Amino acid sequence: MHLGRYRVLALLAAASIVASACGSSSATSTVAPSTGTTTATATPAAAASATGLPATDTTVYPRAETLYTSGKQWGAPSTWNPFDGNSAMGVVGLQYETLFLYDPIKDAYTPWLASGGSWDSGKTTYTINVRQGVTWSDGSAMTAADVAFSINIYQNAALGSTLFTFVDKVVANGNDVVVTFKGTPAYQEWMQALYNMPIVPAAVWTPLNTADILKSLNMKGIGTGPYTYKTAAQDRMVWVKNPTWWATKALGLTVAPTYIVDIVNSSNNVALGQLLAGGLDLDNNYLPGIAQIVNGGYGVTTYFAAAPYMLGGNTAWLIPNTQKKPLDDAAFRRALAEAIDPNNVVVKDYGNIVAVADPTGLLPVWTKYIDAAQVKSLGATFNTAKAKADLAAAGYKLGSDGFVTNKDGSAIKLNLEVPDGWSDWMAAETLIATDAKAAGININPTHPDYGTVVNDRNGTSTAAPIFDLVINNDVQIGNTPWVYYDYIFRQPQIAAGAARNRNYEQYDNKDAWALVQKLDQTPVDDLATMKSICSQLQKIQLTNEPVIPLWYNGEWSQVNNSVWTNWPSDKGAQVQPATWNGYWQMGAIYMLTNIKPVKAS
Amino acid sequence: MRRYFGRKLLTYLMTFFVAATIDWLIPRFMPGDPVAQLVSRSNGISPEQAKALVDYYTRLFGLDKPLPVQYLNFWNSLIHGDLGLSVYGHGTPVTDMIMAAVPYTLALLIPAILLSWWAGNTFGAMAARRKWLDNTALPVGYVLTATPYMWLALVLSFVLAFSFRLFPLSGGYGFNLEPTFTWLFFTDLVAHWVLPFLSLFLVQFGGWAIGMRNMIIYELESDYSRYLEALGAPQGLIRKYAFRNAMLPQITGLALQLGVVVSGSLVTEIVFSYPGVGHLVFAAIQSNDYFLLQGIFMFIIIGVLLANFIVDIVYVVVDPRTRVAMRGGTA
Amino acid sequence: MTAEFDPTMSPAAGDAEKAPTPKAKRARGEFLFFALRSKKFVVSVSILLFLILLAIFGPMIDTNDPLALGDLPMRQPTLDPGNWFGTTYFGEDVFAQFVNGLRASFFVGLLGGGLGALIGMMVGFVAGYRGGWIDEVLNMVTNVFLVIPTLAVLLVITSYLQARGVMFEAIFIGATSWPWAARAIRAQTFSLRSRDFIDLAKLSGRSGPKVIVFEIAPNMSSYLFLTYILLFGGAILIAASLDFIGLGPTGGMSLGLMMYNAVTWAALQLGVWWWFIPPGIGIIAAVGSLYVMNVGLDEIFNPKLRDI
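Protein chains in written order, with the working numbering: chain D, 1 to 601; chain P, 1001 to 1331; chain R, 2001 to 2308.
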């Protein structure tokens, strides 16, 4: 009988199904003791009763105690090293904290792990008062020695920090840390460092402070922050509340969620689905159609209730390669700036969730540094007729095909590159090209893959940058507009290659750079001097247009109010609503202390 | 028998060698610098920090060694089961990343392939026998087999997950759970598994059903069937022989189908964000992580060759004529 | 990313050593007689013709540029001229995209399937006719192509090409989907070459290639045609998959690209079903009717399969 053979095959099939099912349930590493919960269902939107076990041991997170976020983590969390810029969401901010917080809306520094800080009368020595009573998550006390160590660690060349180009010595002295500087301190960068340096325990990190410091993954790190590592997988990062957080006693602050589950981004539309279904509370992705959704009764809100819906987090610039004809001609660049209507992009592409940028490109929080009168007289605004006139006046003749040619008669065709797959920028570049065409400038919108764009823009070790135009928004909001001017005017030019990430347009202006350095060396509270230097920089920028500001890219943030409420808004608590790197210490931590569960758990 | 398998093995080994070499060559031919890309994704860092990261990663990935050395290292690592480090995973070993994703993909593919094969063949055989079934239900098979995998996934997701909330929209298991050996976790795992499985199952089911139906009809029209009919053999007996003969090309088809199904699972996993190998491939494509892609494809090559080898064995077990041919006779 | 091995094809492809019924030449009238009586054939050809007409004349009826951003985003379809299928997130005309995409999909199918058929025939005929070590070598080449992840190759090539056209996609699909066709044709050639008429041709002094072209191929003509149809359908499906993961042509429109855009711009979550349903139905209709036509033709050509 041949039936036997078929029986064997059927058994094999059945066995493999069972084996694969068993295999998948042990897919990830942590296996915790099983709990006795009964009510939780398959989706995170279900409520479940508490288990009675300590938070660090539970394996099912009650919905009312859990905050689901997404938007920062592109790719599985792979390192928890606070000195690695690619560390998982919240490593710096939730687990490790900084000496100060900075609020960009109020332009104020809040003492955090430092209880205060002050300059001496000559403004050459800075004293950090280390807060007492702060404990690490393993129970030991944080001391001034830890703080001094955490600053001195930046001397490690593997971290590539420029801090010690202007800092001289950092010494612990009782409960203070005294910092001395070489020459005139770079006040702006120093204040920036104060709210960006994670404070780590010297006991743990002294042996790790070698050339291989970035290799240690630091999975179960010891920090001062309100959360500690619970678990991580290919698609999530889970934090659990630290019951001994110092700020509860010292500042009366408690973080509301017991668990924070950060979901790895797969794609924006999946995030949108999760947000609408109630599986996500806070999403920091760019979501298409969010303007319709906010008004659609889904319980989803944004920082502003109406346009522009989002805070501005960075500026999108059109960057020309000023080493190429005709982009080396300031007159041509000006005409280009006048030919483009960013409002077109704002309305048609983004549906008004971004805003047109000021001609200086400075973010709304830096309005006080903008010389408005100067902008009015010198700034370029959208005006196709004027663009055409300026082109003609500068000597660019209109050819028979409707496009202007170079002064020597050769055709002008500028390739505008954005990374393939960045759909909003792909749509934007088409609109920009259409605008430019109306004024006679031939722009060809392309979208090669990301790697090619990076190579064309940065150049490689064997080739100079070959791009014509790119859109870029690398530099984020910070405590000072110096970050923008460093980005625009950096000298000397960084060698072509992977490390090149300033002055993409290759614009050489020694006066501008001198002003930028002067700005860096101005104390942050000297508003008058800062304004004066900024005004001079803006004059150079507006007359030369080395980069053309387009729109303010949003600090994408949309929240679902079905489980947590009292989110940041311009009518409520005005704090940063983002989980991105660098934003926790700009006040986003208050978001966690402000939110309340809709149902008492 | 030994010569037959020996030759097969030799062919497979040579194929593996060639495929592996091509697989290794591919990333080296791609223009662009994966390290530069990776570093440029962390925006906001200073140029000095960027340079430090670049040096670190270049050393880590061994990109500073000459090509022949890299090739030898590749084979050396392969023998030790080391598929390199992933750029997308910031230096996580590729093997680890694949092993975390493989159970999910196998859990989708193996039941989908085997169940659809069995169910499709059974249904196709039934349709070949019953005219009314052939005219009503079988056309569905044509529609199913012509359906692109991702479109079916989209429709299923839209109807069952989004509109009716019967199944979760995406993911491998709920975000409120950690992997444990509990009933709760298991049911959650299955709930997330159903829709991706259905997408793969339905399309293949259609294909097998139609194939089987055609094969059976063809067999029923062949000489030996007519002869048995003329002899007065019962219909059941004829159908039994026809079924057995029809099975053979279906088994061969199974081996050839593997490559297609793997790509089908890729797009399905994308739609559902199911954390399997396909999803990893997609992420690797987007981050231009050549090492991860190289490792995954090596894995797929080995898997497909292995599966082909198994099907060859099964074929020998099932078809007595191959055994006769191996012994030098003619069927 | 290999072509579909399609079990709808009969007789068996692969290693089964079944000899097909020799397809005798049929008079045109006889063919038409059986063709029109086959329901499968009539229905499938009608659907296919309708789609082809739509692809050819559609863009002339609806002259909107499929990529033009309009002012009325996400409008529901109303089935009147100008808004047959509604608009996308950007206000683009879905119907215009659909008919243009249909054109591109058919083009890729035609060319890609054709190229695949050509290569498959060359490899299959030579391997089947010559046998021996040429057969072994070609077999191994076929195996390598079957096993290589074509996706990886595509990635490399696309990273060199700034802009990719539909032509490139068709060539790529043709160059990677031939293996199963080669196998099938080889098996058929194998069984045909021991026939008497082949011996006769060889005795008459015909050279190898001439035997293949003038004796073997015409005897398998219906088989070859069916192979081509399957490759055609398979090429459309593969192209849709490639477009869906973003590796398709960089300009223009295609049905797979419509689905990719729909998913990327959250059509699923925003309920814009008219953006991704039409392209899917278009593909199903095109490929499905091709497969049904395949089976119908098989029945027409092979009298044993007819159920008269």
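In case anyone wonders, no lab produced these hints; they're calculated from the structure. As the structure is a prediction and not an experimental result, all values here were calculated from the model. C-beta: ideal position from N, C-alpha, C; glycine also. Treat the hints with caution; some may be incorrect.
[Unchecked claim] To spell it out: a stretch of chain D is covered by chain P in this simulated footprint if at least three of its residues, at any positions, have a beta carbon under 8 Å from a beta carbon of chain P; those stretches are:
| id | region |
| --- | --- |
| 1 | 76–88 |
| 2 | 228–237 |
| 3 | 265–278 |
| 4 | 437–451 |
| 5 | 455–468 |
A quick look at each hint next to the structure:
1. Using a Cβ-Cβ cut-off of 8 Å, 6 residues of the region 76–88 of chain D lie near chain P, which meets the minimum of three, so the contact claim holds.
2. Coverage of the region 228–237 of chain D by chain P holds in this model, with 5 residues showing a Cβ closer than 8 Å to a Cβ of that chain against a need of three.
3. Under the rule that three or more residues need a Cβ within less than 8 Å of chain P, the assignment of the region 265–278 of chain D holds, with 6 such residues.
4. Against chain P, the region 437–451 of chain D contributes 3 residues with a C-beta closer than 8 Å to a partner C-beta. That satisfies the three-residue criterion, and the hint holds.
5. Counting residues of the region 455–468 of chain D whose beta carbon lies closer than 8 Å to any beta carbon of chain P gives 3, which meets the minimum of three for the stated coverage.
Hint violations for this structure: none, all hints satisfied.
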